[in-house]
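Top to bottom, those sequences are chains A and B. Following my numbering, the numbering of the first sequence begins with 1 at its first residue and continues without gaps. Following my numbering, the numbering of the second sequence begins with 117 at its first residue and continues without gaps.
Do not take every clue at face value.
No farther apart than 20 Å at their CA atoms in a straight line, the calculated lysine to any residue pairs in the SDA-like style are these [as the list claims (entries may be wrong)]:
(1) Lys220/B <-> Met40/A
(2) Lys212/B <-> Pro8/A
(3) Lys217/B <-> Arg41/A
(4) Lys171/B <-> Gly104/A
(5) Lys217/B <-> Arg112/A
(6) Lys212/B <-> Ser58/A
(7) Lys184/B <-> Glu121/B
(8) Lys212/B <-> Asp56/A
(9) Lys217/B <-> His189/B
(10) Lys212/B <-> Gly42/A
(11) Lys212/B <-> Arg41/A
(12) Lys170/B <-> Arg85/A
(13) Lys212/B <-> Met60/A
(14) Lys169/B <-> Ile181/B
(15) Lys212/B <-> Thr38/A
Honestly, the hints are just simulated from the structure, not real lab data. From a predicted model like this one, the values you see are computed outputs, not experimental measurements.
Take a look at the letters that make up each chain.
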Amino acid sequence: DAGVIQSPRHEVTEMGQEVTLRCKPISGHNSLFWYRQTMMRGLELLIYFNNNVPIDDSGMPEDRFSAKMPNASFSTLKIQPSEPRDSAVYFCASSLNPGQLNYGYTFGSGTRLTVV
Amino acid sequence: KNEVEQSPQNLTAQEGEFITINCSYSVGISALHWLQQHPGGGIVSLFMLSSGKKKHGRLIATINIQEKHSSLHITASHPRDSAVYICAVRAGGSEKLVFGKGTKLTVNP
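Same shape as in the complex, but just chain B:
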């Protein structure tokens, strides 16, 4: 079993829909990251969080440490949001990231 599990694996939505991507992990962590990878391949760090909630524009990330679960929400989704979203955790005491397999999001106009 992977230490970091994401769901769904693939997600197709219509423009304007509210999107939720989930991430569960099985190890103690010091931080959780949400990353975005566009079809061109570059990886961008969206959020780093260790508790509570963070918001940036139409993106919201939440984490529940007790339940070892995080969600990434996208409000009013747009075709330019189409990308692979990757959850990664930094295990306590380590600098290394452990990655989920990613969620491929496609937003149709």
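Extracted from the complex, chain A is given alone in its bound form:
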């Protein structure tokens, strides 16, 4: 398996533009997580899906952020309009969670977003 695949690896955009980050989880994993990492706050959960359904989006900063998972093999995180304070590394992770069990997490390589 190629692991969790994120694209793009780097994104530089101007303030006000729409940004879309993409993630392909490991095949067979039923949970998908979007995390944001900054120097000030470290790693924070933005949202997670279980079986393609959003379960907890309490970490989504505000209405400018939205995430979708239209099928088991693809998810997007969209920021519209983007602001300089959104500059961070965004990680996607997936895991296999049958019931209450958890078999660990696999992280993607991250997307480094810079909003100027």
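Using the hints provided, position chain B relative to the given structure of chain A.
Frame of chain A; chain B shown alone:
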């Protein structure tokens, strides 16, 4: 106060030294994870544990559920171990991870 506290924040060691990184948490958990993040940025899951001890090569992770404390040990440290080590807990009944701020380890030759 953060739910997950790591110490030390930064650690510098000489090659061959025994390393210990500590993690304390304040919530009930179903599992604790140790993650490694190299300067290139990728995150690798090292251990997931809910009790006792796990060993993988030169790495050992322990957890004491009663004391809400975990340690990550590295024996015979090597410069390639230089990375940020992150402790994360999965709160009971939830799928989400809560992260510590990380410990930056530098191992000098």
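key: Broken hints, by number   = Violated: hints 2, 12.
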